[in-house]
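Number of protein chains: 2
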Amino acid sequence: MHLNGWKGEEMITALAGGVGAAKFLQGLVQVVPEKEVTVIVNTGDDIDLYGLHISPDLDIVMYTLAGIVNEEKGWGIRGDTFHCLETLRKYGQETWFNLGDIDLATHVHRTNLIKSGLTLLEATSRLCQALRLKVKVLPMTNYRFTTKIATDKGLVHFQEYLVKRGAQDRVMRIEFEGIEEAQPAPGVVESILGSDVVVVCPSNPIVSIGPILSVKNVRTALRETKARVAAISPIVGGRPIKGPADKLMQGLGLEVSAYSVARLYQDFLDTFIIDVVDRAERRAIEGLGIQVIETNTIMKTLEDKVQLARVVLERG
Amino acid sequence: MHLNGWKGEEMITALAGGVGAAKFLQGLVQVVPEKEVTVIVNTGDDIDLYGLHISPDLDIVMYTLAGIVNEEKGWGIRGDTFHCLETLRKYGQETWFNLGDIDLATHVHRTNLIKSGLTLLEATSRLCQALRLKVKVLPMTNYRFTTKIATDKGLVHFQEYLVKRGAQDRVMRIEFEGIEEAQPAPGVVESILGSDVVVVCPSNPIVSIGPILSVKNVRTALRETKARVAAISPIVGGRPIKGPADKLMQGLGLEVSAYSVARLYQDFLDTFIIDVVDRAERRAIEGLGIQVIETNTIMKTLEDKVQLARVVLERG
Chain A
1 MHLNGWKGEE MITALAGGVG AAKFLQGLVQ VVPEKEVTVI VNTGDDIDLY GLHISPDLDI
61 VMYTLAGIVN EEKGWGIRGD TFHCLETLRK YGQETWFNLG DIDLATHVHR TNLIKSGLTL
121 LEATSRLCQA LRLKVKVLPM TNYRFTTKIA TDKGLVHFQE YLVKRGAQDR VMRIEFEGIE
181 EAQPAPGVVE SILGSDVVVV CPSNPIVSIG PILSVKNVRT ALRETKARVA AISPIVGGRP
241 IKGPADKLMQ GLGLEVSAYS VARLYQDFLD TFIIDVVDRA ERRAIEGLGI QVIETNTIMK
301 TLEDKVQLAR VVLERG
Chain B
1 MHLNGWKGEE MITALAGGVG AAKFLQGLVQ VVPEKEVTVI VNTGDDIDLY GLHISPDLDI
61 VMYTLAGIVN EEKGWGIRGD TFHCLETLRK YGQETWFNLG DIDLATHVHR TNLIKSGLTL
121 LEATSRLCQA LRLKVKVLPM TNYRFTTKIA TDKGLVHFQE YLVKRGAQDR VMRIEFEGIE
181 EAQPAPGVVE SILGSDVVVV CPSNPIVSIG PILSVKNVRT ALRETKARVA AISPIVGGRP
241 IKGPADKLMQ GLGLEVSAYS VARLYQDFLD TFIIDVVDRA ERRAIEGLGI QVIETNTIMK
301 TLEDKVQLAR VVLERG
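Protein sequences appear in the order of chains A and B. Just so you know, the first sequence maps onto residues 1 to 316 in the working numbering. Just so you know, the second sequence maps onto residues 1 to 316 in the working numbering.
This is chain A alone, in the form it adopts within the complex:
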């Protein structure tokens, strides 16, 4: 595949949250060899349920790249069953977080690997190996880092805000628990500094990319890297493509727009890919000193994903 200005054997680092990022990465690995790609994944959504370590963003990225994700639902594994979860419900457990039986093996195995002394990074690497992924998937940190949402109903885990309570509560503040201690996982800063291109995937800027940026030294590395840093706007036509980014941005007093996202990334961003529908924001974003590329950013088909990856990689 020919890419304008693309030399090949360049290293690419992607900052990723959940579904939007996973879709983009699906396209990316069609355009460049998997082994040239490192993905730094948000772990602020990680949650302990039933004593199991669940990493929703790591899982959606791994499952998507492994081709086993349930694309209809946007989470979990295609064809999975829920027999264990149904039984946990009978045992009086809350079961608002959907865990399929196949999916569960990931959590059981990860939890056991960590219990036996491996870091989250090492456990992730084992899982990726078993799923035959050649992309390097790095959790942003090996430390416990928990995104909590302060709402009018109280301070809750992000998953509780999103899944259990359906993102219905008014957002007042966002807290990153563990932010003081969290060191970037080995390879995170190195891959940002050593890459030719860094891509900020079209993920929630507040609770997906935000946590990654808040891990020590990550933001500095993004500012200092010689890599071209590009981001794809997760806001199209004043709304997130998926998820509660609008509610979270509003809660923080931010306008819900591509421009608003560009401002959040302003200090390290070279190129911002916005949807054609947001053409009107181009000037304002360029005014931040950021190059703007307009394209179709809605990824419905594999072709959409591939096209978007090409746009990101081709030098504008």
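For the record, the hints were derived by calculation from the structure and aren't laboratory data. Hints may contain errors.
[Said to hold, decoys possible] Computed cross-link-like contacts, EDC-like style, restricted to lysine to aspartate or glutamate with a CA-CA straight-line distance of at most 20 Å: (1) A:115 to B:122; (2) B:115 to A:122; (3) A:90 to B:94; (4) A:115 to B:94; (5) A:153 to A:169; (6) B:90 to A:122; (7) B:115 to A:169.
[Unchecked claim] If you anchor each label on the Cβ, the simulated ranges turn out as follows: (8) B:116 to A:180: 47 to 57 Å; (9) A:89 to B:96: 27 to 37 Å; (10) B:314 to A:73: 38 to 48 Å; (11) A:177 to B:116: 18 to 28 Å; (12) B:170 to A:89: 27 to 37 Å; (13) A:180 to B:170: 28 to 38 Å; (14) B:116 to A:183: 20 to 30 Å; (15) A:96 to B:170: 49 to 59 Å.
Here a beta-carbon is modelled for each residue, glycine too, at the ideal position from N, C-alpha and C.
Assemble chain B onto chain A, guided by the hints.
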């Protein structure tokens, strides 16, 4: 139901291993109210797999009494699926121990309850409550107690000897790891001392009943209790009804016979229920000072189980 010599509202304590015990208990709860029954269950077979605390004998007893056991297989839950286990295999894990998806909920929940500070007894009580059991099910101990088999191939966990290696190795010795520390679970000694009848179920005398008897103060309680202590022979016609009792007994230099089992229980046993086919051993057993009752001990139907329970409870 009329039982000769049975006064009603008597307390019954059963010492139990796996399948044989569970079948007998199924009959017992048809004959007496569940709430009069306490079951002390072997936990020497407990094993940690994938970081989960698995208690095979507790589970078979609970599942059988809850009416959900897979009777054909003799383990696990009827209609269970194995999607999680199949995935753990793909993740490179050994999967010789069969764990169904429904079954898994028990292990996940138990492990989590223990992790959160509950004892095995308390966790078991929660599970029993959820399964709506009125029988009191007690693990023999809250402590880690592990039955290991020294074979010509090395020292292995009992489950590894039985399930993984198919009980094919030559048995040389049996070790109870944790025997020094293991205190009886709260209620174990009390229920033996406070019962009217203690029944030693037709379980493996070496690795099911043996561990229970080896827990501190249990054997003394059996000797000192005013309860009538009855046992049902797990050996019929010189062979165990199920399981490797013959190989284990032979490995310890014991004859495989009802008489041989009676000798193991001689110091605390009042009544021994043997199968009619073992009639020839009656005299020898009586010679140990033990009353002998002959009956059909093979439990194929519910009627068989009920009949056996009646024989045990009726005063000879």
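Assess, step by step, whether the Cα of residue 90 of chain A is no farther than 20 Å from the Cα of residue 94 of chain B, and give holds or violated. 29 Å, violated
Check whether the Cα positions of residue 153 of chain A and residue 169 of chain A lie no farther apart than 20 Å. 7 Å, holds
Satisfaction of hint between residue 122 of chain A and residue 90 of chain B, Cα-Cα up to 20 Å: With Cα atoms ~17 Å apart, residue 90 of chain B and residue 122 of chain A stay inside 20 Å; holds.
Between residue 115 of chain B and residue 122 of chain A, is the straight-line Cα distance small enough, at 20 Å or below? 23 Å, violated
Regarding residue 180 of chain A and residue 170 of chain B, is the given constraint of 28 to 38 Å on their beta-carbon distance met? 59 Å, violated
Do the alpha carbons of residue 115 of chain A and residue 122 of chain B lie within 20 Å of each other, as the hint requires? Given pair residue 115 of chain A, residue 122 of chain B is violated - Cα atoms ~23 Å apart, limit 20 Å.
Lying within 38 to 48 Å: is that true of the beta-carbon distance residue 314 of chain B to residue 73 of chain A? 59 Å, violated
Using the Cβ atoms, figure out if residue 170 of chain B sits within 27 to 37 Å of residue 89 of chain A. With Cβ atoms ~46 Å apart, the hint is violated.
A range of 47 to 57 Å was offered for this pair. Does it hold for the Cβ distance of residue 116 of chain B and residue 180 of chain A? At 26 Å between Cβs, range violated.
State, for the Cβ atoms of residue 89 of chain A and residue 96 of chain B, whether the hinted interval 27 to 37 Å holds or is violated. 29 Å, holds
Assess, step by step, whether the Cα of residue 115 of chain B is no farther than 20 Å from the Cα of residue 169 of chain A, and give holds or violated. 32 Å, violated
Range hint compliance [Cβ, residue 177 of chain A to residue 116 of chain B, 18 to 28 Å]: 20 Å, holds
Going through the hint list in order, the structure does not satisfy hints 1, 2, 3, 7, 8, 10, 12 and 13.
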